[in-house]
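Participant: Sequence:
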Amino acid sequence: MIEIIMDTNILFSGLSSASGASFKILEHLALGRVHLALSTPLLFEYEDIIRRNQTALNLRDEDIDVVLDNLCVFSRFQQVYFLWRPYLPDAKNDLVLELAVTAKVKTIVTYNLKDFAGIDKFGVEAIVPKTLLERL
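What the sequence shown shows, in the working numbering, is residues 5 to 140, in sequence order.
Honestly, I wouldn't trust all of these hints.
[Said to hold, decoys possible] Dumping the calculated DSSO-like pairs for lysine-lysine here, alpha-carbon to alpha-carbon at most 30 Å: (1) Lys108 with Lys118; (2) Lys28 with Lys108; (3) Lys96 with Lys110; (4) Lys134 with Lys96; (5) Lys125 with Lys108; (6) Lys125 with Lys96; (7) Lys28 with Lys110; (8) Lys118 with Lys134; (9) Lys110 with Lys134; (10) Lys134 with Lys28; (11) Lys28 with Lys118; (12) Lys96 with Lys108; (13) Lys96 with Lys28; (14) Lys118 with Lys96; (15) Lys110 with Lys125; (16) Lys134 with Lys108.
Keep in mind that the hints were calculated from the coordinates and are not lab data.
Produce the complete structure using the sequences and hints provided.
Facilitator: Okay, here's the thing in structure tokens:
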């Protein structure tokens, strides 16, 4: 099983369309083929992106709660005790990288590879969903 950190753009894309690679990653997560590492700050980011786009995603408040609850069930929670920001240009990406380093997860799945340039020095790679699906 592969453990990953999922960037918010993957969650949004997976909830937006049932025909793309991001949705397939969510399916693999639900089936236990992929495991997610999660921190409280990243969970809050997930909630923020879903709630801000609630109408576009056609989700009710109850649906959002179910999505977030399921993400928690399929995840390993990791507390992040140290902050060495800033490293990446966007602080929201720093919290993803911090989680990966602290949780010892080697793979961040994102559509924004350029936003994670230089993370290889931490032993972490950023890949697109298609690459993850090919590895599975």
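Participant: Is the straight-line distance between the alpha-carbon of Lys96 and that of Lys110 30 Å or less?
Facilitator: Holds, at about 18 Å.
Participant: Hey, Lys96 versus Lys28, does the alpha-carbon distance stay inside 30 Å?
Facilitator: Roughly 24 Å between the alpha carbons, so the hint for Lys96 and Lys28 holds.
Participant: Compare the distance between the alpha carbons of Lys118 and Lys96 with 30 Å, and conclude whether the hinted pair is satisfied.
Facilitator: holds (14 Å)
Participant: Could you grab the alpha-carbon distance between Lys28 and Lys110 and see if it respects the 30 Å cut-off?
Facilitator: This hinted pair holds, its Cα atoms lying about 20 Å apart.
Participant: With the threshold set at 30 Å, check whether the alpha-carbon distance from Lys28 to Lys118 stays at or below it.
Facilitator: Satisfied, since the Cα-Cα distance of roughly 23 Å is no more than 30 Å.
Participant: Hint check: Lys28 vs Lys108, CA-CA at most 30 Å. Holds or violated?
Facilitator: Holds, at roughly 24 Å.
Participant: Quickly compare the C-alpha distance for Lys110 and Lys125 to 30 Å and report which way the hint goes.
Facilitator: Roughly 11 Å separates the two Cα atoms, so the pair holds.
Participant: Verify the proposed pairing of Lys96 with Lys108, using a straight-line Cα cut of 30 Å.
Facilitator: OK: Lys96 and Lys108 at ~19 Å, within 30 Å.
Participant: With the threshold set at 30 Å, check whether the alpha-carbon distance from Lys108 to Lys118 stays at or below it.
Facilitator: holds (21 Å)
Participant: Measure nothing beyond the straight line between the CA atoms of Lys118 and Lys134; if it is 30 Å or shorter, mark the hint as holding.
Facilitator: Roughly 16 Å separates the two Cα atoms, so the pair holds.
Participant: Going straight from one Cα to the other, do Lys125 and Lys108 come out at no more than 30 Å?
Facilitator: holds (13 Å)
Participant: Hey, Lys134 versus Lys96, does the alpha-carbon distance stay inside 30 Å?
Facilitator: Satisfied, since the Cα-Cα distance of roughly 23 Å is no more than 30 Å.
Checked against the numbered hints above, the structure violates none of them.
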